[in-house]
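Visitor: Protein chains in written order, with our numbering: chain A, 303 to 679; chain B, 303 to 679.
Please keep in mind that the hints were generated in silico from the structure rather than gathered at the bench. Please note that the accuracy of each hint is not assured.
[What the hints assert, rightly or not] Just a few of them, taken from the derived set where beta-carbon distance is under 7 Å, the chain B residues facing chain A:
id	residue
1	Ile386
2	Thr615
3	Ala633
Backbone N, C-alpha and C define an ideal beta-carbon position, used for all residues, glycine too.
There are 2 protein chains.
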Amino acid sequence: MTRSFTVTARDPVSSARTGVLETAHGAVETPAFMPVASQGSVKGLTHAVLEELGVGIILVNAYHLFLRPGADAVAALGGVHRFISWPKPVLSDSGGFQIFSMSPLVKVFEEGVRFASHLDGTKIFLTPEDAVDVQAKLGTDIGMCLDYFPPYPATETTMREAVERTGRWAARAKRRHETRESPQQLWGISQGGVYPDLRARGIETLMEIGFDGYAYGGLGLGEPKSQLFEVLEKGDPLLPRDRPRYLMGMGYIEDIYEAVERGVDLFDCVLPTRNARNGTLFTSRGRISIKNVKYAADPGPLDEACSCYTCRTFSRAYLRHLFERGEIASAILNTIHNLHFYLDNFRRIRQSIQSNSFSLLKKSIRSESGDSKEETT
Amino acid sequence: MTRSFTVTARDPVSSARTGVLETAHGAVETPAFMPVASQGSVKGLTHAVLEELGVGIILVNAYHLFLRPGADAVAALGGVHRFISWPKPVLSDSGGFQIFSMSPLVKVFEEGVRFASHLDGTKIFLTPEDAVDVQAKLGTDIGMCLDYFPPYPATETTMREAVERTGRWAARAKRRHETRESPQQLWGISQGGVYPDLRARGIETLMEIGFDGYAYGGLGLGEPKSQLFEVLEKGDPLLPRDRPRYLMGMGYIEDIYEAVERGVDLFDCVLPTRNARNGTLFTSRGRISIKNVKYAADPGPLDEACSCYTCRTFSRAYLRHLFERGEIASAILNTIHNLHFYLDNFRRIRQSIQSNSFSLLKKSIRSESGDSKEETT
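Just chain A, same shape as in the assembly (with noise of 0.2 Å):
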């Protein structure tokens, strides 16, 4: 296991920090957001927007590739980064999300999970191991292990039972990692839903095996925020403090304010670039409805504050009437928007690590906004 992630800053009155994540395709400085391909394309933008807006590294779906084009013609093309020409770090998520949320017919054993393609119901078996070897294929420069959860809410007797399979799964996958020589890194996801018990065993049971960085799975499907930050809470001390923390799939920006709090280092989320081809669109004084007829005669930008290049050129009465008419440059717009207010955040919140003043920039984001709400007007 090579030394990848270096904390560069600590926050003195929380457990904020920052870091570098070392991969083999170049550093992420952390707390790092990054944007989803699914398929090896952050929807409604180019590679090149992508890099001006700074984007360090982003998340692809194993289980889309491998479904298609499949793991062996992104091998046989030179693996993801040259598949999709991005040259910079990458991490693929095993799939495990996607098989137990999009596929019909599900049906878990010890020795894995067999599913039916959402495609076309292709009966499909995997396997821990497989799932190692698909992203080996693949060539992220980080993997993630196949994990198991159960619908929420899951009861805690089958959350005990998802947690341990999850525990056997990654011992398994370890294993067949350790038979490659690969500079790619292999994290694993802890399950246990909001039981604080089941939550430390998962995360216990994961640092006994030993992974280059630990994910919290399972979290963000409705359960209360007060409960999901519980776990963090007392994920934090468990957790070791030189291995990166990933909170997967989340979320809004007031809640990745309270995740770094906890100690987190990397988040995806599709919430960015799916509100925005929706024509939801974060601003400093909250969430904006583009469709929303007031702003049918606005010359104003969407966002003062916001020094994008969506907020730069466009007004709001544009940037409606593009949505309206279905137009391609709405998608882009918005996208180009809403990552850069992610990514921005990002940077102000390194930065306030850096300066100690983590806290005082989280307390000014809550007064003055809280994204989730609508904008006050």
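Since chain A is already given, all that's left is putting chain B on it; use the hints.
Guide: Chain B alone, transformed into the frame defined by chain A:
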């Protein structure tokens, strides 16, 4: 009428010429290609990409903007340039083509045309004066007269009526245009189909009225190419040499070379952008349908000879993957390539005319590709 067009070079062996078209928002080098931005946005691209591609002028549709958001709404937002945040020249089509091709229940009177909005069936009556007023409110650099053309193919009798009515409407448009002090140019559109005498009559009528530029309308509707080229050949000596000529709505690059040879200066067409979204790509070796399975494992660029962002960066395999997955990036990257292909041809056309080598270039284009043909492999 201001002197708004200057011929800068003439091909010694044909009617091809280069020129500079001056407008209130800057100059355009001709022969020029106008990407179509029907609703104020070139489908698939941001203005930033248009600028990078070297686009000098775009076309908007008065018909679409008249329906939504409305000419008054655009005027209230400061005109089309401010509304869409595009600082360079804009030409507006009058709406004639859209009315006669998209609207149900069209009825033509001497006074004007009655039609139903293709959106909600609202009955609209539009006169040639209204079309001038709408475009004045939009504030485009070049407005077009409302023309009338019958469905193709039209009998000679029907076409004669269309030519005469289009002439009377052009005179009324000119009178309305002259009531304003404005830098906006007004260009006339000749009808006449492929009937040489009627086309000549249409052109002569427009010239008696006097316009800043002259367009060929009602072509590219399915008539044989030879007849189309004959129309341009006979129109060439009739039209004033010191005024720009515009062939509306066409076409394939090989046809554009023919038209340039016959003295045409300005073009617009949805072909590069619409084909891009449909996965049909123009290359120096012919057309490619990127959805073809033979590209699934092809690591090469779309076009070895192309220097666009798409060809510099991505493989055919990835472009096929994006198209098959319905990713927005497919539309973006394909559109960048196809528009670059068109604009690059126009750059080469201008350079060749200035260096007295247009006919050589034209010959090499025809032998090396013929872009309406499938790629030769």
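Visitor: Now tell me if each hint is right for this structure.
Guide: So, going through the hints one by one against the coordinates:
Checking Ile386/B against chain A: minimum C-beta separation of about 6 Å stays under 7 Å; hint holds. The beta carbon of Thr615/B comes within 5 Å of a beta carbon in chain A, closer than 7 Å, and the hint placing it at the interface holds. Taking 7 Å as the C-beta contact cut-off toward chain A, the hint placing Ala633/B at the interface holds, the least distance being around 6 Å.
The structure agrees with every numbered hint stated previously.
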